[in-house]
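Novice: Order-wise, the sequence lines are chains U and G.
For the first sequence, the numbering used here begins at 1258 and goes up steadily by one.
For the second sequence, the numbering used here begins at 52 and goes up steadily by one.
Treat each hint with caution, since some may be false.
To be verified - Simulated DEER-style distance windows between Cβ atoms:
| no. | chain 1 | residue 1 | chain 2 | residue 2 | range |
| --- | --- | --- | --- | --- | --- |
| 1 | G | Lys65 | U | Glu1305 | 21 to 27 Å |
| 2 | U | Leu1303 | G | Arg207 | 27 to 33 Å |
| 3 | U | Lys1276 | G | Pro377 | 33 to 39 Å |
| 4 | U | Phe1271 | G | Pro380 | 37 to 43 Å |
| 5 | G | Thr211 | U | Lys1287 | 35 to 41 Å |
Said to hold, decoys possible - Here are the simulated DSSO-like pairs of lysine-lysine, each with C-alpha atoms no more than 27 Å apart in a straight line:
| no. | chain 1 | residue 1 | chain 2 | residue 2 |
| --- | --- | --- | --- | --- |
| 6 | U | Lys1276 | G | Lys53 |
| 7 | U | Lys1268 | G | Lys53 |
| 8 | G | Lys375 | G | Lys65 |
| 9 | G | Lys375 | G | Lys324 |
| 10 | G | Lys375 | G | Lys94 |
| 11 | U | Lys1287 | G | Lys53 |
| 12 | G | Lys53 | G | Lys94 |
| 13 | G | Lys65 | G | Lys94 |
| 14 | U | Lys1268 | U | Lys1287 |
No wet-lab data here; the hints were simulated from the structure.
If you're wondering where the values come from, they're calculated on a predicted model, not measured in any experiment.
Even glycine gets a Cβ: it sits at the ideal position worked out from N, Cα and C.
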Amino acid sequence: MGEDPLMRTGKVSFGGILKEVNLACVPEVKIGDYVIVHAGLAISILDEEEAARTLEYLQQIEEMGQSTQGSA
Amino acid sequence: MKFIDEYRDAVAAKRYAEAIARATTRPWTIMEVCGGQTHAIVKFGVDMLLPSAITLIHGPGCPVCVTPVEMLDKAIEVASRPEVIFCSFGDMLRVPGSTRDLLAVKAAGGDVRIVYSPLDAVRIAREHPDRQVVFFAVGFETTAPANAMAVVHARRQGLTNFSMLVSHVLVPPAMEAILASPGNRVQSFLAAGHVCTVMGTTEYEPIARMYRVPIVVTGFEPVDILQGIFMCVRQLEEGRAEVENQYTRSVRREGNQPAVRLIRQVFRVCPRKWRGIGEIPRSGLGLAEAYADFDAEDRFGVADRTADESPDCRSGLVLQGVMKPPECPAFGTRCTPEHPLGATMVSSEGACAAYYHYRRERLPEALPVTEP
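This is chain U alone, in the form it adopts within the complex:
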């Protein structure tokens, strides 16, 4: 990782294949984070809590659907 923030790079594993990626747009990134990379530039850090919440949404709408059906 270089000193100039615009030149900051890091190694990202794409399913096992390592690539050098520019990290200037994700200044808070830490080793071990999952990032989305587009055209050689990391554009976001994936949020684990939000990822889990997205998977829980299905259960919520199903429970909601059942309670609506139950009260109808």
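Dock chain G against chain U, hints included.
Specialist: Coordinates of chain G only, in the frame set by chain U:
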């Protein structure tokens, strides 16, 4: 792989399809404007899981596909010059210009190189100070930060042999053009998750309000897309028209601020011609005045070139969601990925390519090739 496999879970997909069916009481038409989503929908058969009342239509979500013919002609003219090393993402090479494509330039001895990142083109410029290195900067907002970064790097390194042929497009103005067109059928949008990762979601709020359309920012895996469709349907059924975010693991309302600042520093908003749609005001990015010396159109004197699109290719109708690829008479016969009539058959994000790769076996036998 983590963050991917769990969003491809077939059981979850089926449960979502059932939830959508329960929530749907009337016919609704939803458009996605992202080539990545188009491919996921066709590849995983997401559309086939939906109740018949829900129609998905594929919008102009592939930047390669909406690049106008004249921009291809400019690229071909610049790439043909002996002093030029022309760098591009791979899927531009087979896109036909008026008379030939970039691959034909390469075959004729032109130095055309496929790069993974615009930063690779900057490195090539540094390694070849005696040559002119041109990068073909095509893309939506997602690609704009990387391309802006390349220009900033080139300036910092004092490179005078690097320039960009810029054909950047912006998604929200295209959505507005579709909604404002008299034949519009779109009642709700899945907005592109990675475009919004960069730009955030605020610019969609006035569109949702003004046109009364629900807009759901959505990811790229089948479960993401099904959840996005469910959220669209629920808003439509409840009479709401809001911007909602399904892809919260990557998209924040304010977007990626360092990336947005970079785009604003290097680019300016400009009118842009879209293949198959025509010119849309304020729908593109060009280099800002402070970076105008990196503009390949000026450097090589090609700014004034114009060209008409091939009448054989119906991609304009496909890009507007009026026609599905298999409805085109040339689909899979006179037009294939090896011999495309238009960009939608070539690009890894093009709708015609998606149907060709994943749905051909469901189509009638290909007809023998005949010249018109």
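Novice: Are the Cα atoms of lysine 375 of chain G and lysine 94 of chain G separated by 27 Å or less?
Specialist: Holds - the C-alpha atoms of lysine 94 of chain G and lysine 375 of chain G are around 15 Å apart, at most 27 Å.
Novice: Does lysine 53 of chain G sit within 27 Å of lysine 1276 of chain U, going by the straight-line distance between their CA atoms?
Specialist: Roughly 18 Å separates the two Cα atoms, so the pair holds.
Novice: Tell me if the straight-line CA distance from lysine 375 of chain G to lysine 324 of chain G falls inside 27 Å.
Specialist: The hint holds at about 22 Å.
Novice: At the C-beta level, are threonine 211 of chain G and lysine 1287 of chain U separated by a distance inside 35 to 41 Å?
Specialist: holds, 38 Å
Novice: If you check the beta carbons of lysine 1276 of chain U and proline 377 of chain G, does the distance land in 33 to 39 Å?
Specialist: holds, 37 Å
Novice: Does the Cβ distance between leucine 1303 of chain U and arginine 207 of chain G fall inside 27 to 33 Å?
Specialist: holds, 30 Å
Novice: With a cut-off of 27 Å on the C-alpha distance, tell me whether lysine 1268 of chain U and lysine 53 of chain G pass.
Specialist: With Cα atoms ~18 Å apart, lysine 1268 of chain U and lysine 53 of chain G stay inside 27 Å; holds.
Novice: Could you tell me whether the CB distance from phenylalanine 1271 of chain U to proline 380 of chain G stays inside 37 to 43 Å?
Specialist: holds, 40 Å
Novice: Taken at face value, is the distance from the CA of lysine 65 of chain G to the CA of lysine 375 of chain G at most 27 Å?
Specialist: holds, 25 Å
Novice: Holds or violated: lysine 53 of chain G with lysine 94 of chain G, Cα cutoff 27 Å?
Specialist: holds, 20 Å
Novice: Quick check on a hinted range of 21 to 27 Å for lysine 65 of chain G and glutamate 1305 of chain U, using CB atoms only.
Specialist: holds, 26 Å
Novice: Assess, step by step, whether the Cα of lysine 65 of chain G is no farther than 27 Å from the Cα of lysine 94 of chain G, and give holds or violated.
Specialist: Holds, because 16 Å separates the two Cα atoms, which is no more than 27 Å.
Of the numbered hints listed earlier, not one is contradicted by the structure.
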